[in-house]
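Q: Fit chains X and W to the supplied structure of chain F, relying on the hints for placement.
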Amino acid sequence: MKAEQVVEATLFASQTSLTAAEIARADEDLDEDAVRTAIQSLREAYEEAERAFQIYQLGDGYQILTRPEFAPYLERFDSVPRAPHLSPAALETLAIIAYRQPIGRIEIEEVRGVSATSVLRTLVDWELIRVVARGDGLGRPLLYGVTQNFLEHFGLKDVSDLPGPDELPVVLGDLQATVEDVQEADTDPVPAAEDLP
Amino acid sequence: MKAEQVVEATLFASQTSLTAAEIARADEDLDEDAVRTAIQSLREAYEEAERAFQIYQLGDGYQILTRPEFAPYLERFDSVPRAPHLSPAALETLAIIAYRQPIGRIEIEEVRGVSATSVLRTLVDWELIRVVARGDGLGRPLLYGVTQNFLEHFGLKDVSDLPGPDELPVVLGDLQATVEDVQEADTDPVPAAEDLP
Amino acid sequence: MSAIAPPREAADTIGESFQIQLERFEGPLDLLLHLIRSQDIDIFDIPIARITEQFVSALSDSLEVIAIERAGEFVEMAATLVRIKAQLLLPRPEQPEWEMDPRAELVRRLLEYEHFQDVVHVLQGAEAQRGRHFGKGFIRGRPPPLLEPVRLELGLEEFLKVAARIPEPMPPAAVRPPSLTVTVDEKVSLLRRLLDKTARVPFDRLFRPWGTRGHAVAALLAALELARQQVLRIEQVRPFSSIWLLRGRGRAKRNGTGRPAAKASDES
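For the protein sequence lines, the chains are F, X and W, in the order given. Residues in the first sequence are numbered consecutively from 0, following numbering that gives the first Met the number 0. Residues in the second sequence are numbered consecutively from 0, following numbering that gives the first Met the number 0. Residues in the third sequence are numbered consecutively from 0, following numbering that gives the first Met the number 0.
Since the hints were made in silico from the structure, they are not lab data. A couple of the hints might just be wrong.
Listed next, the stretches of chain X that the computed footprint assigns to chain W, with coverage defined by at least 3 CB atoms under 8 Å from CB atoms of chain W [as the list claims (entries may be wrong)]:
no.	stretch
1	29-36
2	51-63
3	135-146
Calculated cross-link-like contacts (lysine to any residue; reagent style SDA-like; alpha-carbon spacing at most 25 Å) [as the list claims (entries may be wrong)]:
no.	chain 1	residue 1	chain 2	residue 2
4	F	156	W	161
5	W	160	F	71
6	X	1	F	52
7	X	1	X	24
From the three backbone atoms N, C-alpha and C, an ideal C-beta is built for every residue, glycine too.
The shape of chain F in the complex, shown without the other chains (with noise of 0.2 Å):
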């Protein structure tokens, strides 16, 4: 049995991403390097061969994707229960603690200007957002970051992959250029993971 077919297989397999190490628990043979070369194998093999899945990394687990490209198609059927929109309160203050964090609910209230108690629950329950560890100040606050389910919602690998404050406008601008060509930007979930190595 090849390496790569056991990291295929089990990649198919999983319901959600997998780390080179779990994935290396399929067989005794496999170590995390032997994992990362057969992923990287499969890549090219499912790109030459114009597969319509590829396996995307997402935080530090690997998980096999459709490619965004066809989302449209998928869109089409029932049974891919659609997504809650976020609402814009929650949107922003997700976006505060995506540059600013760790930060408190405090923080956050300054920059929003009201309060953020009601939005911070339904995050930390969506698992966007996560407590990451407290402050010093009085009370000893909590300090709030993202999540890996929030890294995976948008095709990171890490935070620092999101365009620092200053890129924004830039970033934004080609953004827009690429979901004119593609039509609609609303129907394509991850946009960002085709680029992804």
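A: Showing chains X and W alone in chain F's frame:
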């Protein structure tokens, strides 16, 4: 976008089997014949590239599943609950229904020599059989037949996949030989599912 | 009877004095077939007397431990066997045709039952084989969250647009330069210079560039002192709005902070 890729993306994204008609909904340019042609050519591509998975036909649906030889690797992971093995009573009843459908409770009991009431209820609950008609006799008895779920549970395309009476092990064969077959079946089962086109 | 059960084990040993656990058998046909096949008996010529004896013996051994409903099924079969046995003892008619054999119907049922046992083995094999194919989602992966994971309909672009609207952060406290000590006199000089150039000075102009409490306190004391000297007036349109310092009547004197204070301030 090639038809094959759209079909592949659709099958890949689904956790259940899909009929050709369901897959065709992904794109206006697809029809059932085009879907079946695409599936055939994907099957050949997977075979040739030695992918760890293949497209199998289960009843009237298609699903990508891992090849059986990778089961030992995948079984090392924490998995979702698997379909339980059916009891001898359930299997006996299913065997009779599969070969004699539509068939009523009384006829099943005549063959088995025991009451079938509770096992029929269980099989209906598990959607392995369903009421397909009512008989003409006294009280218009319920007549049962096997379901799509039955075909999926046993990895069959059709009830006609089951061997005909003449293909079965010789009826007058020695019991010991049959017992050995059963014991073997646990480790090296009949290659029914693998043969699925 | 539960529909889930481990695969049936091979039948017990059968000997001269066999012990049969009736509950292991699906029913009377299963037991009967077992008695016949395990003793290499020709199914088309069943020694009814012997088989009946063995069947009844197995039944009476287990009668107390099996459920009434199941017992009835075995008892019914025992009655059939006894009836066949009796028929065989009757004087045979002239033509010993198979159809006339009282065992014929029983043999038909046994063969039919055996046929379905073969189908059961095929199904067990198919089930085992199917159990080795896994679909997507078989491996759980990371520990499941307490709640169902929420799928968001949110693109990176939408997210970044929101991020771009967030105001720039205040420089974090840690990177602020250490505050310099400042005297009230220094602020008085600064204030005088500013009032020479312009008739109105925003109060925060005196400390905001330094951003420390020390500068703010020194600026406040300087403003109060100069207000006392009537070099300036302090004005505020409404509570918490911006504070303005306006050129006053006593601006001629350049260097005085000397006169004792009559009162803390004129206004505010």
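Q: Looking back at the numbered hints, which does the structure fail to meet, lowest number first?
A: Hints 1, 3 are the ones this structure does not satisfy, whereas the remaining hints hold.
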